[in-house]
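2 protein chains.
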Amino acid sequence: MKTGYFSMFDKIMLVHGSGGLETLSIIEEIIVKKMPIKLWNTMNGVGLDALDDGCYIKISDQYLVFTSDSFTINPIFFPGGDIGHLAASGVLNDLVVMGARPIAFLDNIVVEEGFSISDLDKIMESITRILVENNVALIGGDFKVMPRGSIDKIVISGFGIGIAGYKPIIDKIAKGDKLIVTNNIAEHGAAILASNLGMVDNYTSIKSDCKPLVKTVLPVIEKYREYIDAARDPTRGGLATVLNEWVLKTKYSIVIDRQQIPIRDDVRLFLEALGVDPLNVACEGVALLAVKPTVADEIVDELKKNGEVNASIIGEVVEPEEDYLRGRVIALTEVGGRVVVKPNPLNLPRIC
Amino acid sequence: MKTGYFSMFDKIMLVHGSGGLETLSIIEEIIVKKMPIKLWNTMNGVGLDALDDGCYIKISDQYLVFTSDSFTINPIFFPGGDIGHLAASGVLNDLVVMGARPIAFLDNIVVEEGFSISDLDKIMESITRILVENNVALIGGDFKVMPRGSIDKIVISGFGIGIAGYKPIIDKIAKGDKLIVTNNIAEHGAAILASNLGMVDNYTSIKSDCKPLVKTVLPVIEKYREYIDAARDPTRGGLATVLNEWVLKTKYSIVIDRQQIPIRDDVRLFLEALGVDPLNVACEGVALLAVKPTVADEIVDELKKNGEVNASIIGEVVEPEEDYLRGRVIALTEVGGRVVVKPNPLNLPRIC
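Chains Y and U supply the protein sequences, listed in that same order. Throughout the first sequence, residue numbering follows the working numbering, covering 40 to 391 in sequence. Throughout the second sequence, residue numbering follows the working numbering, covering 40 to 391 in sequence.
If we strip away everything but chain Y, and leave its shape as in the complex, we get (with noise of 0.2 Å):
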């Protein structure tokens, strides 16, 4: 068994979570592989070895979207939300990003015995609301009771079921591609940093992006769809993640304009004086489109007119100059340089 990172020791690591290539390694290696039915394909359907956000069975003229996601933030309360207002936020977005309309949610709850009852009710308000603003139902679930000490405060496990017309979007770049994101990036994991490093206080304007993109971005997808290659929301792992995960197994390389990136200066600030890179940071109210050159412009108008008023084409799939480009993500430095972008998560332990 190869599982990356730190094997050796036959020990889960913090990084082994982080949502970077050592999950990747993790989930192919433990779980994809001792999987031989791949019943989806019987059923026209995509499953987890695409490993994207969700996956898919067509029944009649219908596809359903299934995704799953759990949730283990600390704290549960942050600047801009909350762990169920990131949970439903989060499956939701994973369901958009697919270009299926949310239609259903199940939430399974496992709370430390002592845990708040006005808490839960807190987030369980959380939860709800986004799910009713955004029409969706909530039809099922399980909760449960762990003894003190056994499970710090409390895990949202969510489950989205989505539709569509069409066939979900299955990640597949292409040559030519312009890229997409549709919001400002690195504000949930800034926020969840600075929180995790009291230094809430000294940056009150970071919060946290989590929220659901069903109004502002889906609307895009579905009258685009045919022109979308690639959409994903870049939560753990950040841009840099999504953009190697994109192009690792192609011939081409990603080219992107760091000054093109939308980013707030308070965060951009904050990061840059611990020595973060951005690209590296979570967000959870953002996605990432990799669209067709002759539509981009007109998507991102599209976007702004939906609300996404931040949204900006940041690069574009290339074919490289010289081999050892190709499957790498290469960003112009504000000085005409380029550099390489790794797919190093700012690995936070509990950033989702």
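Read the hints as simulated data drawn from the structure, not as lab findings. Take the hints with a grain of salt, since some may be wrong.
No copy labels: a pair is met if it fits in one copy or bridges any two.
To be verified - Straight-line C-alpha distance at most 25 Å; calculated BS3-like pairs for lysine-lysine:
#, residue 1, residue 2
1, 192, 50
2, 381, 288
3, 254, 73
4, 246, 343
5, 192, 73
Guided by the hints, dock chain U onto chain Y, whose structure is given.
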């Protein structure tokens, strides 16, 4: 907010996660009441408010059934299985008792930093083995790591998707229904109790019964669907909790004959020695069915033919002679008396 026992302390107690009436009260008061959208109604479905094992929507002429469950069991390896075995069986069984054929599974795994990779491998081996044996695809999931000390070893959330060509079973017992259990009861709870008490070596014959019911019980449910008014796998809280839930809001009584309830002597004696009523103890490989009396014997025969050789009729739904017996479960005793069976679960904090 009214949340049953101890609510004046604003604290979640272990009893809230027992699967008994306190769990129902938390779910109803903190979760169900917050959800005005009943989307499943417009999609010919049934959802959270049914408080059944799962929920469903109708798409063209198929019913898609969904269920989710979290598993926190301690120990994670126990006589008769492990947490992976339990998670896969438990989720599949929730679909089976809806009458749905499981087709797909998603697993959300949260582990503690330092967790053994070979243990994780064994657990995934169990999950995938159960899925493969039952022709169910693993189509997605999530993997997270929490820092040492913030979660005890591992928590698994499973999400199951099933299909039925008829309306799935939403439990609603009717007068005259016969109650059938498909196998010996109380095995799982007894095994976990023995483990937790360090008594495994003295009771080597006591093992969890955890197993999927896809091959033995589902074909019978599919064949006799129209004669089945209710079906449930009596996990947390055991038979007593399910029977009480079924009868609670009706004008009927459920009468059961303790001597007809299949239980192995080892399990009965072990529980008797501890003063625990087997009716309150979890099963993980048993279904409880409420069926029309005309076909009850036939169904038992069919179950036996499929390998459920201990299947047995244990009681029936009756119009009570006295008003105060309405909505209650009555057990006939060995000496010809009768006692009310209350839903008091064997409240092991991490039984599943």
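Quick rundown of the hints versus the structure:
Proximity of residue 192 and residue 50 under a CA criterion of 25 Å is satisfied in both settings, with 24 Å inside one chain copy and 12 Å between copies. In the homo-oligomer, the alpha carbons of residue 381 and residue 288 lie at most 25 Å apart inside one protomer (15 Å), although the nearest pairing across protomers, at 60 Å, exceeds that limit. Taking the closest pair of Cα atoms, residue 254 and residue 73 come within 25 Å of each other only across two copies (22 Å); inside a single copy the shortest separation is 38 Å, beyond that limit. For a Cα distance limit of 25 Å, the shortest separation of residue 246 from residue 343 inside one copy, 21 Å, qualifies, whereas the shortest one across copies, 61 Å, does not.
Proximity of residue 192 and residue 73 under a CA criterion of 25 Å is satisfied inter-copy only: 22 Å between copies versus 33 Å inside one chain copy.
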